[in-house]
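Undergrad: The chain contents come next:
Protein chains: 2
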Amino acid sequence: MKGFFQLISSTDFLKLFKQFSPIQTETIPLKSALGRIPAKPIIAPEQLPPFSRSTMDGFAVRARDTFGCGESEPALLEIVGEIAMGAPGTAVTLRPGQTCRIWTGGELPTQADSVVMVEYSRLLDETTVEVFKPVAPGENVIQAGEDTRPGQTILPGNTRLRPQDLGVLAGLGITELEVYRQAVVTILSTGDELVPPDNQPGPGQIRDINSTTLAALVTETGAIARQGGIIADDLPLMLNTCRQAVAQSDMVLLSGGSSVGKRDFTLKVLEQLDHAKLLAHGVAIRPGKPTILARIHNKAVFGLPGHVSSAMVVFYLFVRPLLLRLSGLEEQNSLLAIEAVTDQQIPSAIGREEYVRVQLDWKSQDKRPVATPIYGKSGILSPLVKADGLLAISRDCEGIDQGQPVSVLLFPGSS
Amino acid sequence: MKGFFQLISSTDFLKLFKQFSPIQTETIPLKSALGRIPAKPIIAPEQLPPFSRSTMDGFAVRARDTFGCGESEPALLEIVGEIAMGAPGTAVTLRPGQTCRIWTGGELPTQADSVVMVEYSRLLDETTVEVFKPVAPGENVIQAGEDTRPGQTILPGNTRLRPQDLGVLAGLGITELEVYRQAVVTILSTGDELVPPDNQPGPGQIRDINSTTLAALVTETGAIARQGGIIADDLPLMLNTCRQAVAQSDMVLLSGGSSVGKRDFTLKVLEQLDHAKLLAHGVAIRPGKPTILARIHNKAVFGLPGHVSSAMVVFYLFVRPLLLRLSGLEEQNSLLAIEAVTDQQIPSAIGREEYVRVQLDWKSQDKRPVATPIYGKSGILSPLVKADGLLAISRDCEGIDQGQPVSVLLFPGSS
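From first to last, the protein sequence lines are chains A and B.
Numbers 1 to 415, taken from this note's numbering, label the letters of the first sequence in order.
Numbers 1 to 415, taken from this note's numbering, label the letters of the second sequence in order.
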């Protein structure tokens with residue numbers, strides 16, 4: 001029977017991504033680097049801290065001068081100065097029995113090896129302080145180079161930069177760095193029935209939902225979304241628009257043209273695109289069966305299901321991992337998988353992986369949230385808004401029991 | 001002993017946030033609304049879908065014409081036309097025994113109540129089709145208004161907009177909407193020892209790490225970070241800079257000035273700021289004890305610990321929830337809490353809540369990740385880079401056993 005799909009498993013689909021490599025890199029300022037992905041490990045150019053620093057407010061001492069002291073037998077030290085913040089502490093040298101006031105972050109004087117917290121000291125007069133708790137050498141001090149040494153790998157490449165990572169780079173004076181550029185993804189909606197969201201649909205027409213949703217999904221992934229607009233079901237027009245989109249982007253998402261009736265259309269377009277190689281045409285998952293993937297050199301063209309809820313599942317399962325791979329991320333785990341328990345039985349058909357939308361209730365007594373399936377026909381939008389994630393049921397499983405622990409793929413904005 | 005803090009519990013600290021209200025709203029285009037927070041529930045202005053649509057490619061039929069048919073006894077129907085996509089399907093009326101070709105998303109003809117999938121049909125000639133599986137009325141059809149009805153609440157207010165939410169709004173023709181404006185947060189680093197990251201520090205000087213880290217944390221929260229720069233330890237200068245920062249922002253983060261030695265400085269500034277009300281001065285958590293919070297009308301001024309690792313903990317525990325509250329979010333859960341198991345004993349001191357940085361290994365046999373504590377002096381930066389989240393130990397707990405299930409607050413970029 002002509003018209004059926006050649007289904008491959010989701011595992012085999014993901015293996016196809018090995019045919020793609022990360023895209024080019026660019027150099028950007030540190031200030032814009034949140035969420036970006038360094039192209040290679042980052043090496044410390046110098047030591048941190050640059051000098052031995054106090055981690056407390058108090059008195060810089062030679063530790064042995066405090067040995068044996070206590071509440072009843074305080075050590076008496078001569079105050080010979082104060083290390084002002086930002087001043088060179090090593091300009092002062094402590095002789096036995098001497099101390100210097102110091103603040104958190106201040107540079108230790110020469111010969112000082114530790115700091116007594118101000119809480120364990122008592123001033124007798126301007127130049128004398130009693131210390132009533134001994135310190136060990138190195139106590140309340142970070143040694144020069146203790147944090148990082150020159151040549152040390154500070155951050156691995158191929159992971160996303162987080163706020164704390166940027167902080168460490170700032171501390172090392174690394175104010176620009178090489179990262180993968182953001183992948184550009186062009187989104188095309190196909191269908192004679194579609195009008196842009198700001199138009200009033202005529203009879204038989206409907207507003208384009210997929211462009212807005214897919215663009216936001218691309219943005220959420222850290223890539224750049226280009227809305228290519230709506231293309232009528234017209235082969236030469238579609239071919240021409242696709243050719244341009246491929247030239248201008250790293251990935252093209254065609255949505256709406258992969259149902260049984262229209263996929264020949266998408267296929268014809270892909271066949272006629274120069275150098276296009278069809279990698280997959282149908283996946284054994286539900287929803288998301290009519291997914292198409294083609295490769296043009298290192299560029300990807302996806303044919304996505306027309307229903308936005310199915311397109312979204314395919315996006316999270318396949319488009320996002322491939323986009324992360326193109327963007328240079330080493331781990332392409334698409335969504336965070338968390339453990340939940342089900343509140344009811346969830347039946348499933350043998351022979352294909354099923355992805356059930358679920359709502360999560362975090363207020364349960366259990367440490368794990370409770371997952372409730374959100375059912376609805378695949379063309380219906382309103383259940384989408386209620387869902388927090390996807391519960392995966394494997395192809396050899398007939399269903400999930402009530403109260404069974406399950407793994408839920410969490411939608412990024414849903415926590 | 002002068003100089004000790006008046007500690008309050010983290011629970012009491014969070015209760016102070018009731019004194020703050022969400023900030024103003026603004027109207028923005030749908031295209032820029034990802035992650036933004038609607039100021040009120042969004043109501044459907046019209047019905048969706050606007051007409052009864054097919055969810056399959058196939059033949060629109062009167063269901064009763066297929067009743068009783070089967071592989072051996074197909075129903076024979078007369079094809080009277082094809083509903084082109086985007087064309088008014090209701091222009092055609094089906095009489096008994098008649099059918100129309102239809103595509104996914106097409107408008108049903110008048111008198112049609114269901115759709116036979118193309119897979120269950122066989123063309124005899126141009127105008128005759130055999131149907132060998134009966135359909136029930138409504139099968140493979142979404143009724144007009146079945147998804148949403150005019151006046152129905154589509155999205156609650158006060159939650160972040162996700163890609164799927166934007167899609168539903170696009171479908172309803174809502175192309176602009178009222179959201180809370182993004183809170184503006186000014187970040188000031190204080191300390192004579194600090195130089196900007198692109199400067200070479202002199203003796204006793206160190207690069208400012210906190211401005212970069214805090215700005216990225218603010219950005220990650222969805223607010224707008226303004227780097228106010230480094231202020232020397234000079235009271236009139238600090239007071240003047242703070243006054244300006246308060247005037248220009250919804251929140252001010254002062255970092256570096258809250259250790260025992262410098263906090264009087266921050267306190268003096270807060271006392272002299274017009275209308276400033278000191279709400280808290282010290283929290284019973286570790287790290288993060290020297291945290292200060294003041295309110296000026298509906299604006300917040302935080303004094304944060306000087307060590308960036310401590311400042312980051314305080315940011316996630318307190319600054320971020322307050323920022324989310326100002327931004328109009330109903331749930332101000334700062335970080336996602338997931339269940340993990342520990343790989344070793346973790347001791348803790350009675351009397352204060354402890355937040356231990358942990359690295360998570362997701363590749364364990366267990367469904368839950370394994371948490372390994374990352375120790376390091378609080379002034380050391382390199383452990384920060386390894387940590388994926390924070391393990392909370394309550395104030396009455398002496399420690400966590402090896403293999404014990406624990407709750408880990410996940411850093412946003414770490415999954």
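No lab work stands behind these hints, which were simulated from the structure alone.
Among the hints, a few may not be true.
What the hints assert, rightly or not - Simulated restraints, written as ranges between beta carbons of each label pair: (1) B:P156 - A:P347: 25 to 33 Å; (2) A:E398 - B:E78: 35 to 43 Å; (3) A:C397 - B:S394: 52 to 60 Å; (4) B:N199 - A:E119: 28 to 36 Å.
For every residue, glycine included, the Cβ atom is placed at its ideal position computed from N, Cα and C.
Undergrad: Does each hint hold? Answer for all of them.
TA: Hint by hint, here is what the structure shows:
Taking the beta carbon of each, P156 (chain B) and P347 (chain A) are about 30 Å apart, inside 25 to 33 Å as hinted. Distance hint check: the CB atoms of E398 (chain A) and E78 (chain B) are about 42 Å apart, consistent with the given range 35 to 43 Å. Distance hint for C397 (chain A) and S394 (chain B): a CB-CB separation of about 39 Å, inconsistent with the stated range 52 to 60 Å. A C-beta distance of roughly 34 Å is found between N199 (chain B) and E119 (chain A), which places it inside the suggested range of 28 to 36 Å.
The structure fails hint 3 only (numbered hints given earlier).
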